[in-house]
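Visitor: For reference, the chains in residue letters:
2 protein chains.
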Amino acid sequence: MKDSLRDLNITELSTMEEDSGLDIMYLNKHRHSSSTSSSAPERENDGFNKRKLRITMQDYPRKSGQILSGQYGINLLLLGFAFMLGVSYHGHSIKEKHLVSYITTLMLMQLLWMLWYIVRKDRQKHALPEKDAHAGTSWLRGGLTILAMLSLIMDAFRIGKYVGYKACLSSALVVYPVVHAIHTISQVYFLWFHIKDVIKTFETFERFGVIHAVFTNLLLWCSGAMTESQNVLDAHKKRLSALGFMNYTYESHEPYCNCTTKACSMFSNSLYYLYPFNIEYHIIVSAMLFVMWKNIGRTIEHHQHHIKKKPVAKTAGLVAGPILGFVALAGTIGVLVVYLIQVEATLETRTWAIHMFYQHGIVLMGSMFIASTLGLIIYRTDSWPQDSSKNPSRQLDKELLCGSAIGSWIMSWCGVVAAVASHSEPSYRWTNLAYSLLLVLEKYFQNLFIVESLYLKQEDEEEGSAREVEEGVERSGEAGMSSSRIFSVTSSSTQVPPYDGIINQAFVTQEKMCISLDGSQVKNSHLYQYQCQTPQDSPPLPAVSRTAAALNRKRQILRNIAVFLVLCNSALWLLPAFGCRPQYDNGLEQETFGFAIWTMVLNFAMPLNLFYRMHSVASLFEVFCHV
Amino acid sequence: MKDSLRDLNITELSTMEEDSGLDIMYLNKHRHSSSTSSSAPERENDGFNKRKLRITMQDYPRKSGQILSGQYGINLLLLGFAFMLGVSYHGHSIKEKHLVSYITTLMLMQLLWMLWYIVRKDRQKHALPEKDAHAGTSWLRGGLTILAMLSLIMDAFRIGKYVGYKACLSSALVVYPVVHAIHTISQVYFLWFHIKDVIKTFETFERFGVIHAVFTNLLLWCSGAMTESQNVLDAHKKRLSALGFMNYTYESHEPYCNCTTKACSMFSNSLYYLYPFNIEYHIIVSAMLFVMWKNIGRTIEHHQHHIKKKPVAKTAGLVAGPILGFVALAGTIGVLVVYLIQVEATLETRTWAIHMFYQHGIVLMGSMFIASTLGLIIYRTDSWPQDSSKNPSRQLDKELLCGSAIGSWIMSWCGVVAAVASHSEPSYRWTNLAYSLLLVLEKYFQNLFIVESLYLKQEDEEEGSAREVEEGVERSGEAGMSSSRIFSVTSSSTQVPPYDGIINQAFVTQEKMCISLDGSQVKNSHLYQYQCQTPQDSPPLPAVSRTAAALNRKRQILRNIAVFLVLCNSALWLLPAFGCRPQYDNGLEQETFGFAIWTMVLNFAMPLNLFYRMHSVASLFEVFCHV
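Read top to bottom, the protein sequences are chains A and U. Using my numbering, read the first sequence as starting at 1 and increasing by one per residue. Using my numbering, read the second sequence as starting at 628 and increasing by one per residue.
Please keep in mind that the hints were generated in silico from the structure rather than gathered at the bench. Any given hint could turn out to be false.
To be verified - Computed beta-carbon distance windows for the label pairs:
(1) A:D234 with U:T772: 46 to 56 Å
(2) A:W139 with U:A1177: 49 to 59 Å
(3) U:M1227 with A:D234: 44 to 54 Å
(4) A:W430 with U:A783: 41 to 51 Å
(5) A:F595 with U:T732: 26 to 36 Å
(6) A:T260 with U:L967: 29 to 39 Å
(7) U:F1205 with A:G331: 50 to 60 Å
(8) U:F1205 with A:D234: 39 to 49 Å
(9) A:W430 with U:T926: 47 to 57 Å
(10) A:S424 with U:L742: 41 to 51 Å
(11) U:T772 with A:V420: 57 to 67 Å
(12) A:V420 with U:L967: 53 to 63 Å
What the hints assert, rightly or not - These stretches of chain A come out as covered by chain U in the derived footprint (C-beta under 8 Å, 3 or more residues):
(13) 225-233
(14) 597-609
What the hints assert, rightly or not - Sample of chain A residues lacking proximity to chain U, with all beta carbon distances greater than 10 Å (derived):
(15) R120
(16) D122
(17) W139
(18) L374
(19) T381
(20) V440
(21) F593
None of the values given here were measured: they were computed from a predicted structure. Yeah, the Cβ is synthetic: ideal placement off N, Cα and C, and Gly gets one too.
Given only the sequences and the hints, what does the whole structure look like? Please build it.
Guide: Okay, structure coming up:
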């Protein structure tokens, strides 16, 4: 008993020290006096103090490690950004080959680090690595693999294009796709087998490695987004000059020599359609790696889910959501095709196409707004169990959703201002206004819906805890239970509380405290029993099953909403990703803000908007699995 | 005894529920069974459950409140940003009066909210409000008051300018400075008396109020920064055309009518020099209000410092830092004056002035880099006690430092790229390169130094805890101490642990646990005494005083470094704030990136850089008080 209590207290103190900044040095300084005043054995104290010292030494570089590596990463990106600015000027000093060489160097450095990491991990196979269950779900990695494959095709096309224009292109432009392909393959391997790792050794060095990977991918995203914006702008200018709107001499960004193969134009055109996937691949990878970076040195509880997930139950009752969603998706693809054809034809069809786009958008935004609001109302009608344990993935999801929504919001507000202030009177003036306002509302409520859903306690967890409750009641009479419980917190025992992934400090402390009180036979035991057993030791009530059925119906509705929103957001990703960007074509904003400023706004906002849609699809899919 | 134990546990559970996501609904659902199985009095359970229910109801809107209000604030800013873009285009649709009217409306809304808040607080004077000791230190508020006064002078000048041009200016342009003056006065009052408040009532509404204030000030900052950039750009263009560099027809942004008073040009010119202060005022206010927003609904321990701060000891040994700092400041002011005169004279003096600027910069950056590194080495040579308790002010300080450094870093990296890639060969080409690289390093290490210093445990706290230790030993024999200790955690008793400001969850739990174990006469008491008394019950050792003297010397060096860096950063704020911006004049970056892109970069980076310097001055002053 005494031993188990000592163990409990040491674990407790050390976790406290790590997470909440108890002054460890202070403890060390004054320990002698307490050991003389108390009659505790010296040996015990020594072990205790060694443990504390080790934590102190580890704690210091960790704190600095974050800011050291974070600043390094930012500067890596900013140097790349400076190159990008130089390239986008099309001046004499900075050429594409300089940017590409810089990115290639970064990718090679990342490759070296990943190799080192993987080899080292393979050697330590006997040691059970700590994992964060929340990082990089398997469906996310699956989706990424598809995007990575499309990126590989893109690399192949790039190499093909280089072969055609070999005479006048720098060799950096063929090294880049080759290194990028190797980088993509190794990175996908890394994501599959190591993204959940919680790094505990060489922390400062690993921080640099991971943040290097994060910012390399972020730079690849920036550079891809810049190239794509350039492509779209060129297409827009070509269209305008074809319609006779502007006196525009088309500057070709193609190389200044003849293609030696027949496939050059095919490669160039296909690249245009593959860019969106490549861009999304890099931004999602960098978000996942960022979570890995945040996890370095964290205290993670590794335990397995004992309750198998039931995918069958998830799809039951899924009717309205998928049907409406697919209708929206099909309609959007129709609109996309019609828009792309009509906007290039005549001035009249152009106006009509833009008008159609806004009307379609209003219907879509309206229904998405209604769906999100319905979900929020459902959350308000009932008291849903909430899970607010620490979870860096979820925190990042939330911040990324609100952060990337800024792109779309700034476009919307510019649209609102332009529609109200405009002196011209195109037919789509007021539909543009309505569309912009609905877009703001839709994002506002969709974000709210996603965030509230992610903070919901998972159905599995509830069932799991209910099952554990029953088990707990059966075993409640057994002796010695308290001591086995003590170890269930620190080691990965079979009986674990219903929170998963990460240690919940307060919960752990509470549980331990109850046990130590039990173990030392405290008086007023009825009170303690009440306090301690509430989370685990009460059998389900008969009334609960009725409310459970109602809850289940509500969960079905929520799942339908999530599926509908997934499909709508995919549709809204498709539109701008494949060139349907009326923000360029409608002329209202251009009149109010001028071509230069408006293009600058779009170059900033469009990539963010695309990322928002992709990210909200991923988050909503998680909501679907979660509810 | 029983009562006190119950109190302890209720407090404990409720804080756990609030902060760490224990499943409260789950507790509610299953409470009946536990009350039937245990023999506890029903009355006690009822009170307990009511408390839990209340927490559930409060907890839900709080979670959503953050994201609801945060999104509202972002959209407020983005709409203002859309207006700003329209104004900066100088088109026909959006005029300055539109932007100014929008900002005036926001300020009036903020005034209404502040009035409501102050009146309500005054009525509840009997209730002791909770305060966050870390938010808005008095010297920060003092500094802000000076900035606010300069803003008031600026408002007076604006009104004066309006009077002169009354014939051709919109009345919105006189309403704005009047409302701004009222807004400034009320806001300073609010900051003095309410910025430390921890809001616990009407949380969702208050969140909207505070975030509205945050984003109103942020918008005022953005709008001020935009106007200032415009001024600097105009001055630059005027200079260039005077030197015969460009064929530039000076577009006046002055009103198109004659001034009816004699003071118009005086007002216009003075406004130019007052802008920097006004801009800094708004950004610092918005950072302070943001901390207030983060504090809404937090659990804060209110206790007073019993140990008076000794300002005398702080200034002892302060020689090298201030002297070197004032030399740097005086030198910088000299450089500023010479630069402003020489850059407008002839082409030759212009080149010479830029060269001088970079040489001065290299010396300054080099010494700041050495000072920061010295500080970091001192931290590495000894194990300094660290304080990592939760503290939103400090967290925000850290993020703002790294975030605003981006502005300066992007300029530096562009400078590096331009210096390397340039085809022209001005005399300052390589000094520009060295200056840019040193700037990156200086910010990198200065940030590291500031952040590590802020995470240091304060000297006062250490002394305070040592004194408390002695008091604790004297009283340790008294009976009934345990129960008095219990209340010292929840009420503001005289005896408090050495962490200040915010409840340290783990610490509190630990202390409570020890007491409850004492109270219930546990066996193995020597072990518990050791565990519980380590932080408090050991008298200082004789050896400590020797190391304390060494530590004190090191603290003196650190204080000198902090003062030196404060003065250097002030100097580096002065330079760009008063028009010494060689980034416009040197021509290297303009050659590499083009005028449009480079101006865009400067418009983004310059305000951030100014904010960085001001913010690092504030942070370093805090470091000085802290060490």
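Visitor: Out of the numbered hints, which ones does the structure contradict?
Guide: 3, 6, 11, 12, 13, 20 and 21
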